[in-house]
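Undergrad: As a plain string of letters, each chain reads:
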Amino acid sequence: MEFAWSQSHLDYRKRVSGFLEKELPADWFETLQKGIATKEQAEFSRDFCPKLADAGLLTPQWPKEYGGEDGEAWEQFILAEEVWRWGEPRGPQYMGVNWIGPTLMRFGTEEQKDIHLKGIASGKLVWSQGFSEPQAGTDLGAMQTKAEWNGQGYTVNGMKLWTSYSEWADWIFLLARTGPERKQISVFLVDMKTPGIQVVPFPGLPEYGHLNEVYFDNVHIPASALLGEEHKGWDIMAFTLNFERVGLPRYIWGLRTLDIAVEQLKAEGRFDDPICRAAAGRIVARFEAATVLTYAVVDERINDIQGTVTPNVQRITAAQACLDLMSFMMDYVPDCLTGGNNFLELFYRGQVASTIAAGAYEIQLDAIAQRGLGMPRGR
Amino acid sequence: MQFQLDENQAAVLAGVQAILQHHQDVPGAHRRGWSYYSMELDEALSRNGYLDIGRTEGMGGVESALVVLEAAKAPVSVEIGASVLVAPHLSATEIPRPICLISGDLMKAQRYLPVARTAIIDTGDDVLVLPVDPANVEAVESIFAYPFGRFKTRPDLAGAQRLGKAAVAPLRQWARVALACEVAGAMRAAIDFTVDYTKQRKMFGSTLAAYQAVHHRLAECHLIAEGVRALALKAAWSGDESEAAWAATYAQMNIQKVLFDTHQFNGGMGVTNEHKLHFWTYRFRALQAEVGGQSGAALDTADLRWGPPGAGAIDRAAVRGAA
Ligand SMILES: Cc1cc2nc3c(=O)[nH]c(=O)nc-3n(C[C@H](O)[C@H](O)[C@H](O)COP(=O)(O)OP(=O)(O)OC[C@H]3O[C@@H](n4cnc5c(N)ncnc54)[C@H](O)[C@@H]3O)c2cc1C
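As given, the protein sequences belong to chains A and B, one line each in that order.
Residue 44 in the working numbering sits at position 44 of the first sequence; the count goes up by one each step and never skips.
Residue 118 in the working numbering sits at position 118 of the second sequence; the count goes up by one each step and never skips.
No lab work stands behind these hints, which were simulated from the structure alone.
Note that the structure is a prediction, hence the values are computed from the model and not measured.
Beta carbons: idealized from backbone N, C-alpha and C, even for Gly.
Check the hints yourself; a few may be wrong.
[Unchecked claim] Pairwise CB distance ranges (calculated):
| no. | chain 1 | residue 1 | chain 2 | residue 2 | range |
| --- | --- | --- | --- | --- | --- |
| 1 | B | Ala14 | A | Glu43 | 54 to 60 Å |
| 2 | B | Ala10 | A | Arg377 | 30 to 36 Å |
| 3 | B | Leu157 | A | Glu72 | 55 to 61 Å |
| 4 | A | Glu72 | B | Arg32 | 53 to 59 Å |
| 5 | A | Ile275 | B | Leu157 | 32 to 38 Å |
[Unchecked claim] The following residues of chain B were derived to be distant from chain A, with all beta-carbon distances above 10 Å:
| no. | residue |
| --- | --- |
| 6 | Leu41 |
| 7 | Thr93 |
| 8 | Gly267 |
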C-alpha cells in the first residue's frame with residue numbers, strides 16, 4: 001500500500017492540465033455557467049471534443065485498434081479529474097467515451113463499431129441514455145416501451161423520462177421491451193432524427209437539460225439497430241454498469257465549489273466565524289474521504305478485484321459530502337440561488353438529484369449491507 | 001498508487017493478527033468491567049517488536065498505522081497509538097511507555113495515566129515529556145473503555161524535558177493519525193459485532209438483520225469506518241499535516257452516528273456490560289474530544305486550506321483546548 005503518483009502519472013496529469021489551460025477559451029466559464037446539460041454546452045462540446053481527440057485525450061483508454069492509446073485506468077481517471085477541475089468541458093460526451101464506446105466494442109457488430117466508435121471518437125456526437133420511464137426507475141424491469149419486430153426491423157412505441165441531453169443528442173442508447181416476460185429487454189442504438197421521436201423538455205430543480213420526456217410514436221428502426229442479441233439487454237447492462245463503477249470525480253468539483261463559496265465569504269468579511277470555518281473544514285474532510293475511496297475503486301479495477309462494495313461506499317460518501325456542501329451554501333451564501341453566484345447555483349442544481357440518478361442512495365446502501373456486510377435481503 | 005498491501009505490510013498485519021487472536025476476550029474477572037488494559041497483549045506486542053515498529057528500519061507510516069488499527073479491534077485496550085505513531089516523530093531517543101498524551105487541563109482525568117510511565121503534554125507553545133510518578137496518580141472510574149486517571153497533586157513540570165514549540169504541530173498531527181487509526185479499528189469491530197448480533201437476534205419470525213431499516217444504518221456505519229480507515233492510512237503514509245487533520249475530522253464528526261447505530265441495534269443488551277459492545281464503542285467515544293475534538297481538527301483543516309482567520313477572529317486557544 002502506498003499513495004504516491006508515479007512519474008508517468010504526474011507527467012500525464014501535466015499533459016492534460018496543460019492542454020486544458022491552453023485550449024479552453026477565455027469565456028469557457030461563461031459557457032459552463034449555463035449548465036452541463038444545456039444546448040450551449042452540448043454545442044461547445046462538439047467544438048472542443050474534436051480538439052481533445054486530436055490531442056489523443058478524448059478516448060485514450062480505448063484500445064489502439066479503435067483509435068485509442070491503450071491507456072491504463074489511472075490515466076483515464078487522471079483525465080477525468082483534470083476535466084472536472086474545469087467543470088467537465090466534455091459536457092455530455094463523457095457517456096459515449098466512458099461506457100457506450102466500450103459496450104459497443106464488446107457487443108457491437110463490425111458495422112456498428114465502424115459507425116459508432118468512429119463517431120464517438122470524433123468528439124462530434126452526443127449520445128443520450130434512454131433507460132428510465134415514469135413507472136420504471138430503480139425497477140427498470142417494469143419498463144413498458146416496446147420494440148416489436150415488423151418483418152424488416154423494429155417498431156418502437158412508448159416513452160422515456162429524465163433522459164439527460166436528449167434534446168441535443170444525435171443518438172440514444174435505448175432499452176426497450178422485446179417480449180412479454182420481465183427479462184425480455186433489448187438494447188437499440190437509435191438515431192434521434194428518426195421520424196416519430198419527439199423530445200419534450202420540462203422544468204425542475206436540476207439544471208436545464210436533464211428533465212426530458214422522449215416519446216416514441218411508431219418509430220421504425222432497422223434490424224441493424226439491435227445491439228447484441230434480442231432479449232439479452234440485461235447482460236449488456238451488467239457489462240455497461242461495470243464501466244460506470246468508477247464514479248465521477250465529484251469531489252474535485254465539490255472542493256472547487258467550496259473554495260468559491262469561501263472566496264465569497266472572505267470577500268464579504270464573513271470567514272472569520274469559527275463555526276462557519278469548522279463547517280467548511282468538515283466538508284473538506286468528507287470530500288477527501290470520497291477522494292481516497294474513489295482511488296480505492298480505481299485500484300480495485302486495475303487489480304481486477306470484482307464484486308466488492310467499494311464503488312457503493314465511494315458513491316454514498318461523495319453524495320453525503322455534496323449534501324453537506326449544499327446545506328453549507330444555504331447556511332452561509334443562500335444568495336447563490338437568487339442570482340448572487342452562478343457557480344454555486346450550478347453545483348447546487350447539478351447535485352440536487354445526485355442521490356437519485358444512476359443508482360439511488362437506498363439501493364447503494366442495500367448493496368453495502370447485503371454484499372458488504374453479508375446481511376440477508378431486506379424486508 | 002497501490003491499495004493492496006505489499007509483502008512486508010501483509011507480513012506485519014498477519015503477525016499482529018496472530019497475536020491478537022489470543023486477546024479476543026476480556027478475562028472473566030474483568031468481563032463486566034468498563035475497560036481492561038491488557039498487560040499480556042502489551043507484552044506480546046512489545047516482545048515481537050510491534051511497539052517499536054515506528055523506529056524500525058524499513059518500516060513506514062503504513063506499517064505503523066496497520067498495527068495500531070488492528071490492535072484497536074481487540075476488546076481489550078493497550079497503549080499503542082502514542083508509542084507507535086506519535087513518539088517516534090517527537091524524539092530520536094525512545095520515550096518510556098505506556099505514554100499518556102495530555103492537552104487541555106492537566107489536572108483533569110487523562111486516558112492511560114494510571115498505566116503510563118511518561119506523559120507528553122501539549123501546552124500550546126511547547127511539548128513537555130514528563131516521567132509519571134505512579135504514586136502521584138489515582139485511577140478514575142468511568143464508563144470509557146480506557147483506564148483513566150488523574151494527578152493527585154499538580155506535577156512539577158520543571159523536571160520535564162522540553163521539546164520546544166516546533167514539536168507542537170508534529171505532536172498534534174501524529175496524535176490525530178493515531179486517533180483516526182484507533183477510531184477506524186474500534187468502529188470496524190463494533191460494526192462487525194453488531195452485524196453478527198442482528199443476524200442472530202430473532203423477532204417477528206425473522207432475524208433483525210433482515211430489516212432494511214437496519215441494513216441502511218449499518219451500511220452507513222460501514223462506509224464511515226472505511227472512510228476513516230482510508231484517510232488514516234493515507235495520512236500515516238504521507239506525513240502531511242492536512243491529511244492528518246482530515247482523518248481526525250472525519251473520524252470525530254462521525255463518532256456519534258456509529259455509536260448510536262451500533263448501540264441501537266444491540267437493543268437493551270448493548271447497554272449492559274454483559275455484552276462486549278462497550279469495550280469498543282466507549283473507546284471511540286472517549287476519542288471524540290481528543291486533540292481539540294472535531295472542531296479543532298476542522299478548524300485546522302480550514303486554516304491549512306484557506307489560511308488563518310484575519311483580523312477580528314475569535315481566540316482559537318479556547319476552541320483547541322491547549323493545556
Ligand atoms: C437529474 C436526473 C438525470 C437523469 N438522467 C437519466 C438519463 O439520462 N437516462 C435515464 O435513463 N434515466 C435518467 N434519470 C433517471 C434515474 O435513473 C431515475 O430517477 C432513478 O433510477 C430512480 O428512479 P425513480 O426516479 O423512478 O425513483 P424510484 O425508483 O421510484 O425510487 C424512489 C425512491 O425509492 C427508493 N427505493 C426504490 N426501491 C427501493 C427499495 N427496494 N428499497 C428501499 N428504497 C427503495 C429509491 O432509493 C428512491 O429514494 C435521471 C434522473 C435525474 C433526477
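Undergrad: So which of those numbered hints doesn't the model satisfy?
TA: none
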